[in-house]
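Number of protein chains: 4
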Amino acid sequence: MSSTIGEKIKISVFGESHGKAIGVVVDGLPTGMKINMDKVLHEMKRRAPGNDKTATPRKEADFPEILSGVVDNVLTGAPLCAIIHNNNTKSKDYSDIKRCPRPGHSDYPAYVKYNGFNDIAGGGHFSGRITAPIVFAGAVCKQLLEEKGIKVTAHINSIGNVYDEEFNPCNIDDETIDRLLNSSFPLIDESKEESMRKVVADASADKDSVGGTIECGVVGVKAGIGEPMFDGIEGRIAKAVFGIPAMKGIEFGKGFDLAEMRGSESNDNFRYDENGNVYTKTNNCGGILGGITNGMPIVFKVAVKPTPSIAQKQETINLETKENDILEIKGRHDPCIVLRAVPVIEAITAITILDLLS
Amino acid sequence: MSSTIGEKIKISVFGESHGKAIGVVVDGLPTGMKINMDKVLHEMKRRAPGNDKTATPRKEADFPEILSGVVDNVLTGAPLCAIIHNNNTKSKDYSDIKRCPRPGHSDYPAYVKYNGFNDIAGGGHFSGRITAPIVFAGAVCKQLLEEKGIKVTAHINSIGNVYDEEFNPCNIDDETIDRLLNSSFPLIDESKEESMRKVVADASADKDSVGGTIECGVVGVKAGIGEPMFDGIEGRIAKAVFGIPAMKGIEFGKGFDLAEMRGSESNDNFRYDENGNVYTKTNNCGGILGGITNGMPIVFKVAVKPTPSIAQKQETINLETKENDILEIKGRHDPCIVLRAVPVIEAITAITILDLLS
Amino acid sequence: MSSTIGEKIKISVFGESHGKAIGVVVDGLPTGMKINMDKVLHEMKRRAPGNDKTATPRKEADFPEILSGVVDNVLTGAPLCAIIHNNNTKSKDYSDIKRCPRPGHSDYPAYVKYNGFNDIAGGGHFSGRITAPIVFAGAVCKQLLEEKGIKVTAHINSIGNVYDEEFNPCNIDDETIDRLLNSSFPLIDESKEESMRKVVADASADKDSVGGTIECGVVGVKAGIGEPMFDGIEGRIAKAVFGIPAMKGIEFGKGFDLAEMRGSESNDNFRYDENGNVYTKTNNCGGILGGITNGMPIVFKVAVKPTPSIAQKQETINLETKENDILEIKGRHDPCIVLRAVPVIEAITAITILDLLS
Amino acid sequence: MSSTIGEKIKISVFGESHGKAIGVVVDGLPTGMKINMDKVLHEMKRRAPGNDKTATPRKEADFPEILSGVVDNVLTGAPLCAIIHNNNTKSKDYSDIKRCPRPGHSDYPAYVKYNGFNDIAGGGHFSGRITAPIVFAGAVCKQLLEEKGIKVTAHINSIGNVYDEEFNPCNIDDETIDRLLNSSFPLIDESKEESMRKVVADASADKDSVGGTIECGVVGVKAGIGEPMFDGIEGRIAKAVFGIPAMKGIEFGKGFDLAEMRGSESNDNFRYDENGNVYTKTNNCGGILGGITNGMPIVFKVAVKPTPSIAQKQETINLETKENDILEIKGRHDPCIVLRAVPVIEAITAITILDLLS
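Chains R, C, X and U supply the protein sequences, listed in that same order.
So for the first sequence, our numbering puts the first residue at 27; every next one is plus one.
So for the second sequence, our numbering puts the first residue at 27; every next one is plus one.
So for the third sequence, our numbering puts the first residue at 27; every next one is plus one.
So for the fourth sequence, our numbering puts the first residue at 27; every next one is plus one.
Since the hints were derived computationally from the structure, they do not count as laboratory data.
There's no promise every hint is true.
Each pair may be met inside one copy or between any two copies, as identical chains are not told apart.
As the list claims (entries may be wrong) - In the BS3-like style, the derived pairs of lysine-lysine whose C-alpha atoms are separated by at most 25 Å in a straight line are:
#1 307 with 339
#2 356 with 307
#3 224 with 71
#4 60 with 34
#5 307 with 60
#6 174 with 60
#7 174 with 46
#8 71 with 60
#9 34 with 65
#10 60 with 348
#11 124 with 248
#12 218 with 71
#13 248 with 233
#14 248 with 348
#15 248 with 34
#16 60 with 218
#17 34 with 174
#18 248 with 339
#19 34 with 224
#20 65 with 218
#21 218 with 46
#22 233 with 34
#23 174 with 339
#24 60 with 356
#25 356 with 65
#26 124 with 307
#27 60 with 46
#28 34 with 124
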């Protein structure tokens, strides 16, 4: 129940970090499009570890094997299933974290919920690795959206206290989108890369980690899409985004900044352009009013918490002795997952938008 | 499809601001509890207009008539339906806003989506008035939660740039909860009331409005409740909250502040208390890890945008002439809806939590 | 959860036989159509009691009051809610059936499920009366379907051992549909009315009741509608139909007769007609293959059990004394509900088909 | 959307007859049970082809590979995914049936729905082969149900016009259940095997096929399980069963026979047994009243149409020439699928019942 989302396009994610394979079933896709596997692999590489110093140097061969739903990579309309084999999963000893739940991780609530039977190795089903099949599904949905003239793009909005510029919420142009897609460190203002990398390197040097924010934009969705109340676009996107590990906040348009504004400032005034098309001069609402698109770009930001796995010793409990204890997490972990989360946020957004339009 | 939410406890909201009646059907409630109507009416009064200067002086007799689901106010297990008759709905002339969509409102996207057939009077189904039946449903759910030892409470976290204190996220005590419930202006630090009121009064004097934030806490939910990934508690609450008009952001625990933290600072360390119960010294995660409760209070904040209806002249389009135009909204409107939204956030949260536990 | 069905068109039914009102919320309807209330009332009269000798002589003024979702009876796109007030509900004494569950009724399983708190008066939420709002919702959906050239019609297929002719499954013509709609006793072969009435009268004279079957046809649905596997049309219709009290079986096309056929006999061969349209010479599959329409009429039959309320003394248990007991049900009850169920089956089918097409 | 079913236990089926693999994701299972793989393989062998003369002599090595959701075959609570590799799928030439849709198959409606892009080889996602992963999922659910004292069993109720005896609906004993589970031709009255086999052999000799019926029983479900109206047990089971290829009818308890009965005959009278437990002397309702269990065995029958693939020449259309044509289906096909469908009906029922109880 938990790992499934969507109405018309329904995805069901499965797998654990150190199991045989992880994967996804995507049900409800339209027929006839040939999947561009190069583009899919490009998206997966953006998420994969080992590609950047801010991320873990672990290598994962995230090559998706499509089991169903295609003939010669053309979508047939039947459920699309792809799996990614887990290599290199000879589990080291996880008995310490089985005993001592890692602070900031789901270990303890999962221990209670699953009566201790959950797979702890590598985080099991809660691992960030589970986002790889989501990126696969998102890459396919992105291609289907492009056929409708819709593009989904995201960038690092901040790492620690270093902030990128924001999108121009009224106009996210193709050049920007293409540049971000092909960047190894997607920023609006590329001059911020160095200071962001320093924040990560400093944290890493301190056996610590750091959080950040991601801004995501969707262009090309016409006005009038969505539903009022509980099936509004904000709610749909939020539910999907909070399905991604480490996300702790979401805001649409100016979001929390709206709370300090006055109405005369926050209201986006409608105007006709020279071609008789409706637009708004500002886009403080992030393209959504009453849960429904107004035709402007959909824009939102998400908060990514610092990687909870840090190399410092941490206080925690010992579930065996029932006493307080100290835990030292072994292994290599991303000091910052914001970079790798960028394509994941794009992916889950693309899936959600395609579902909305189906 | 849009106005329904929930899995085991399902609510379906109906009605328009100026129709015959608004109401709600709540399906899936347990049996046997006698609804305390005094408590229900108290909750509804907290939301009702005309009770405070920050709100509109319109009077609404928000008295719910229960049509089904009870015998002598005891829940029978059949769907509970309550309606609130709309009095005083002799519509004034809405032809101007039918022609000229109000900035910041759903008028324009709704016009596109519904081909102009949507009921525009008073905002129709998009009106904030539609939250009255949600408060009814929430008041019943709150009583059912209290039987399980669970309490939901909220306060004004900010209006404009004036901020209340935050909850102690590790311990929201009964005294605070009771005080907030019975306060006409619920604040942790009551000394902030005057400056907050001034912010609202200033905006009102300028024919303007102002936004704010609300903080909500839930105490008494055990560890291990919720699901991983797409059915996590954050996603469930977020989807429900974005069903409430004017909400533009949500963050759990420290939320966006986590993005500037390091892992060593944001991780909440687990400890045993003297009775062998697990707790965390801090609660930066807002009581949720991996989508599942850890037994600490669930804490989140929402961003409320300024009331879009302001008395100033605003630029907008004219859907008849297809030219740019100027709109002046008539009638009285809340210069700030934060106060009235407090019980609504509590209500939708209570409904969501009860659904999760059912 | 129980009283809600549908994906895009979602209905939520509420009310008890002797409560204040029964009603329905229909969410997801398109905009712009003006509801023809004469047609709605005609459908409701077909279901209402007191119109025929086979039915109970109780009078019910089943007049639906629309609370929301319309302006001047034109659909706005907001949830449509209609209620029917229960008059004449001064409950007689139900203590005997509270004590002694009626055989064939839900009294006993409901007693267990709801811990005795369910409303027993008149059957409560399990009463056949709850189908009145379904007929209202169905009447609206029928009008929306007619705009798409789709008609839903049904007739009494049998009462006891007297059988009507079946539809010509390859061609259900408008004349037949109109005649059935306006008939007080809808039959293909009207000569069967007398013997059917005699079966009912005989049962009634014996303080007994009798069952029957209903055949339903849907014309005008194009080929290619529906989904494979668990969202196939048979499954969708079946789930909806079993939501109607007293339905115990459903078969599509030749249904159970197919089980005795050979493939060469049961297969419907495809052919082109003179205009190049695809048809089948026979329609043993009831218009559905692999869960998807093939363009022929959708045809199915349902089994209606005899009214469980009979005036004879019956053996049952006494939940107070925990001993076996004898129950004599008072009041007047339909000796046969097949006639009144005909418009209900049409209604729930219309709702389901409109949902499929939305 | 189509290949997913369930509320708390959600299954998502994927794969095509001649694709790389078929499989299933089962989300929402409880933790801690060790899957007995011998029992799973026994169930899968019951469904597999090549085991009986009534079935196709094709050999399939239906060995499920579990990708996720277990550690050492113990359920972890994460989604359980199992796949079955398709060997031997070097597709012969399917161009004839691509051109000429097979009567009685989904080829034509699928062609329309999927614009010709659906995978036709071996029936693609519509193939009966897709039931193999359902049997896997059902085998796991059966083991979980047994821990609750619940058993699901089925037998061949008829093939052609030869009928087995029915279950004693008031008492399906363990001996019968065990015998049926281990029988290569499950019948209550084993003396019917010979004449049933003759019906199949005769059809086969005539290049034809034959249908039948299956009766299924569930014992051990307590009274009070299920929901009224649209979430009743009949509707839930029916929706699941119609997800299985070739099913065209379902009836609960006496089903269509009830339509010819009188109420005095059909009503099941409640009684206390010597231990104070409630039972009914008859079980005409199939254990379900008002959508809710009454504590007696749940009993239902399904109608299985004759295998549509027959070796005789058949009339059909040619989608290329747009003219009428003649098709001769090559390859070997089951002359009767009733035997192999028995464990599939058990499986889908077990999944549905476990979902209801979760």
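Self-check item: Hints violated by the structure (listed by number, smallest first)
Solution: The structure breaks hints 5, 7, 10, 13, 16, 18, 19, 20, 21, 22, 23, 24, 25, 28; every other hint is satisfied.
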